[in-house]
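Those sequence lines, one after another, are chains A and B.
Its first residue numbered 0, the first sequence is counted upward by one per residue in numbering that gives the first Met the number 0.
Its first residue numbered 0, the second sequence is counted upward by one per residue in numbering that gives the first Met the number 0.
Now the in silico label distances, taken between C-beta atoms and shown as ranges:
id: 1; chain 1: B; residue 1: Thr-115; chain 2: A; residue 2: Arg-141; range: 28 to 36 Å
id: 2; chain 1: B; residue 1: Thr-208; chain 2: A; residue 2: Arg-86; range: 50 to 58 Å
id: 3; chain 1: B; residue 1: Val-131; chain 2: A; residue 2: Ala-148; range: 43 to 51 Å
id: 4; chain 1: B; residue 1: Leu-148; chain 2: A; residue 2: Ser-124; range: 36 to 44 Å
Some residues of chain A that are not near chain B, with every Cβ distance over 12 Å (derived):
id: 5; residue: Arg-115
id: 6; residue: Asp-131
id: 7; residue: Asp-139
Bear in mind the hints are in silico, worked out from the structure with no lab data behind them.
These numbers were taken from a predicted model, which means no experiment stands behind them.
All C-beta atoms in this analysis are idealised placements derived from N, C-alpha and C, irrespective of residue type, glycine included.
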Amino acid sequence: MRRHEPSVVRADDAKATARFSTVDLGVRRVVASVCLLVGLVMCLGGCGLDRRQQALVSVEQLTSIAAEGALMADDLVRQRTTTTFVRVHGDELSAQALHEAEKLNDDSIPADLTARARAAIKLASEIGGAIDELRTSPQDRRQDGRDAAKLRHWSAEAYKMANSI
Amino acid sequence: MKMVLGLALGILAAIGGFVDIGELVFNTQAGASFRYSLLWAVVLGVIAIIVFAEMSGRVAAVSGRPVFDVVRMRMGLNVGLVTLAASLLINLITLAAEVGGAALVLQLLLNFKVGTMILLAAIALVLIIYFVPFDGIERIFGYMGCALLIYLVAAIHLKPDWHQLARGLVPSWSGSALYAYFAVGVIGSAIAPYEVYFYSSGAIEDRWTVKDLNFNRVNVTLGFVLGGILSAALIVVSAEVFAPLHVSPGYLGTTALGAEQAYGAIGLLLALLGMLFAVGGAAVECAFSGAYSLAQFAGWEWGKYRRKRDAPRFTLTWLIFFALALVIVETGVDPVQLTEYAVIFSAVALPLTYLPVLLIARDPTYMGEHVNGIVGNVLGWMFFVILLGVSLAAIPLMVITHGGAS
Chain A
0 MRRHEPSVVR ADDAKATARF STVDLGVRRV VASVCLLVGL VMCLGGCGLD
50 RRQQALVSVE QLTSIAAEGA LMADDLVRQR TTTTFVRVHG DELSAQALHE
100 AEKLNDDSIP ADLTARARAA IKLASEIGGA IDELRTSPQD RRQDGRDAAK
150 LRHWSAEAYK MANSI
Chain B
0 MKMVLGLALG ILAAIGGFVD IGELVFNTQA GASFRYSLLW AVVLGVIAII
50 VFAEMSGRVA AVSGRPVFDV VRMRMGLNVG LVTLAASLLI NLITLAAEVG
100 GAALVLQLLL NFKVGTMILL AAIALVLIIY FVPFDGIERI FGYMGCALLI
150 YLVAAIHLKP DWHQLARGLV PSWSGSALYA YFAVGVIGSA IAPYEVYFYS
200 SGAIEDRWTV KDLNFNRVNV TLGFVLGGIL SAALIVVSAE VFAPLHVSPG
250 YLGTTALGAE QAYGAIGLLL ALLGMLFAVG GAAVECAFSG AYSLAQFAGW
300 EWGKYRRKRD APRFTLTWLI FFALALVIVE TGVDPVQLTE YAVIFSAVAL
350 PLTYLPVLLI ARDPTYMGEH VNGIVGNVLG WMFFVILLGV SLAAIPLMVI
400 THGGAS
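Just chain A, same shape as in the assembly:
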């Protein structure tokens, strides 16, 4: 087993650096080209989602939030979770439902989607409300059971709506 001494390695460094100096130039060009390409792609892609896509993403998010809320509510009914978790994660979900409602309200939705957007905003508010009920009184198992059923129903409704967009 041969262990290379530091002085030998340092001498080898100089040789290796010289040997790869020609590679350096090529690599620098590649790095510069990649940076340029990345910048260009980011500029081109900076336009964001179109309005129909944005509405679709928001409604899909509502499907997701309601389904997660239903899972948490079920776990509350079966006493398989902690109230701290329900309060904190429920707060995140409820805030996101509100955010999706705001986006649907603020974005200029294509005319053929206006009615569905209005329905989605109502749905977002109901989903957020049910999750807030879970956070407020997690120990009320009867209420939790009702919320679980409602959230499952709203998730299915939002899913159907998303498929129609």
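Following the hints, complete the assembly by docking chain B onto the known chain A.
Quick look at chain B alone, frame taken from chain A:
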């Protein structure tokens, strides 16, 4: 005893490094969106990190050089500087994401204000790093992070479709940009450069010699395979729990909810505990990686084993890293969003990190009889080409899919 203690380095790298916030976010999203069909990306990422971490550990043991020393030496000063700047930036973003992630997990456990939790997480991490010796840090985060094994148990408990699961291990192509984006994310989070910077510098800190080469192989293989299995388990749990309900996981709480579905409150608490120590361990690795990179590039004294006054600039660097990360997360930026950027930008920097490692490991001038064999070279070049593809595709895919939104 040395062997057992040393293996903790692998476990830390596996749990705290391999399973970090990137894994927790991307793998859960991948499982929910594509069920098992991205498991192959985990396998690919695990083999790639094993190949390159083994090489970097071997280079460190034989030549006494950590990765960043090798980067500067092989790629020259200018490209070395580009790599250093990219590495420091990515380490900082990743550190901010990990600190933010630790704060979110603490909030899910304790329900205090998130700003307070961020401060608490950052202060706790700094105090642990400052006062606890290196092997103690390995043990704290490595062993406690093993609580994430709940995901492995949960994956089995949820009775996955083993046939579909096996099919997911074979690379496939769905033709969608979103699928490609998540494939890049899963691979990118598995082979984040900071893991290798940390691993090779740790090898120098542990004073590895050629006598440790077998240990290096066992270490990376066991450690990263364990990390890979946990990583795959996250996908399986998500595929079983979230995919049928069309849930798009966007929070760490959602990842924890997966374990709760299998084992109730106990599953939830173990998942949160495991996440806390996994992201905490990864934060330590990121901070150290940043300090290692800068100190090695600048030729400063470095190392956790040195007394603080013997490596003052190294100590100051990781403290500054934590301070900057704290400032970033206290602005209210979403740590999960930050993670996505960190993973994608890490993917871009992959070739700059791994090419020099490969070039040195196959160079007999430096490695003597411990140079790469034919298998090592073939695997090294094969994975380098794959990583180059991942690197080039990462940002365009992020733009096309609007960060995985569509």
